[in-house]
Amino acid sequence: MEQVQVGKLQVLLDSFANKDVFLHLETTNGAYASHFNENVFNAGAFIRNIAVKYELGKVAGESPHRVGLKLPHGWVYAQGITHFELDEHGRLLMAGHDQAGKLAVALQISETPFTY
Amino acid sequence: MTIEQERHVLVVFPHPDDESFGVSGTIATYIKQGTPVTYACLTLGEMGRNLGNPPFATRESLPHIRKQELIASAEAMGLTDLRMMGLRDKTVEFEDDEEMVEMMKKLIDETNPSLVITFYPNYAVHPDHEATARAVVRAVRRMDESIRPKLYGLAFANSTKDDLGEPDVVHNIMEARDQKMGSMRAHISQTSWMLEEMDKRLAAGEPEADNWFTYERFFSYRWHEDFEDSF
Chain V
1 MEQVQVGKLQ VLLDSFANKD VFLHLETTNG AYASHFNENV FNAGAFIRNI
51 AVKYELGKVA GESPHRVGLK LPHGWVYAQG ITHFELDEHG RLLMAGHDQA
101 GKLAVALQIS ETPFTY
Chain A
1 MTIEQERHVL VVFPHPDDES FGVSGTIATY IKQGTPVTYA CLTLGEMGRN
51 LGNPPFATRE SLPHIRKQEL IASAEAMGLT DLRMMGLRDK TVEFEDDEEM
101 VEMMKKLIDE TNPSLVITFY PNYAVHPDHE ATARAVVRAV RRMDESIRPK
151 LYGLAFANST KDDLGEPDVV HNIMEARDQK MGSMRAHISQ TSWMLEEMDK
201 RLAAGEPEAD NWFTYERFFS YRWHEDFEDS F
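So the protein sequences, as listed, match chains V and A. Reminder that position 94 of the first sequence reads as 94 in my numbering, one-by-one numbering, no gaps. Reminder that position 29 of the second sequence reads as 29 in my numbering, one-by-one numbering, no gaps.
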């Protein structure tokens, strides 16, 4: 993965617009967050291989960036995106890694389903 | 305490590297003694968060890396019967509970273990650990008491010492410390930060770090204080 370059990522987001695509979206502060610190409220969400078609995708802000997808009947967004790559299967992988190198958020777009 | 002789040891954990810190010395010791060991690992740690910054892997490439690390860990321990059970990280507790028990029953029926090692229910912190422990305990509970294998649990919740006291099973794994180190190094994508710290401590001769490579500790499952009445 490389650090987000807004122009490059925007071109990739545009390339998946108005197509039937599969989404992976997750946010997490880790399964051990409240084990290591009982004051941490442990929350996260995960969704994988949800089929959508977005009409507009946009990368916004300074790093860590926000990425939003406008759907015919709703929205998808992720906050904290630091890295991206178009992988060898043509999937757009975006992720946010914290200072310690731990993934905090991921948003991925593919024309074919992700593995299980 | 010396390690008791066993007929066959079955180890069940949900994530590659779960075996490494607490049990790899024990596994390697049994194998050195000629005791067959089966390790069933339920997922490939697909949801691991240690991806680095700059990242060395993606959410999609991580399972491939961790699968290779798991195989390398098994090799380091001398383990030949490694089972990858095909579940997905963080989803174990959402699987059908009865199917989970069936999975454990099949493993037990096939390997006929005299000892099963997993996590200790309610003291295992991670939801996947808890779900794995519940399924194993349920499968063993359904067996007639006369043929039940021994059941050891790993417990590390913050409340462990208050509730369970000290582990009653302590294995001296000194003779397998190289194998344990090998297992921990095999899972380098998940353990590198911890290993750096440990190398420093070992070099400094800190007794606590040395302890890691000397003893492994377990709680015998307390059937008289079962975590549920029945399932």
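Honestly, the hints are just simulated from the structure, not real lab data. A couple of the hints might just be wrong.
Not close to chain V: a few residues of chain A, all C-beta gaps over 10 Å, as computed [to be verified]:
1) Thr2
2) Gly34
3) Thr80
4) Arg83
Every beta carbon over 10 Å from chain A, so not counted as near; a handful from chain V, in silico [as the list claims (entries may be wrong)]:
5) Asp20
6) Ala31
7) Val76
Which chain A residues face chain V? A few, computed with CB under 7 Å, are given here [to be verified]:
8) Asn50
9) Asn53
10) Met84
Owing to the predicted nature of the structure, the values given are computational and were not obtained by experimental measurement. Just so you know, even glycine gets a beta-carbon here, dropped at the ideal spot from N, CA and C.
For this session: May I ask which of the numbered hints given earlier this structure violates, with the numbers listed in increasing order?
Result: 6 and 10
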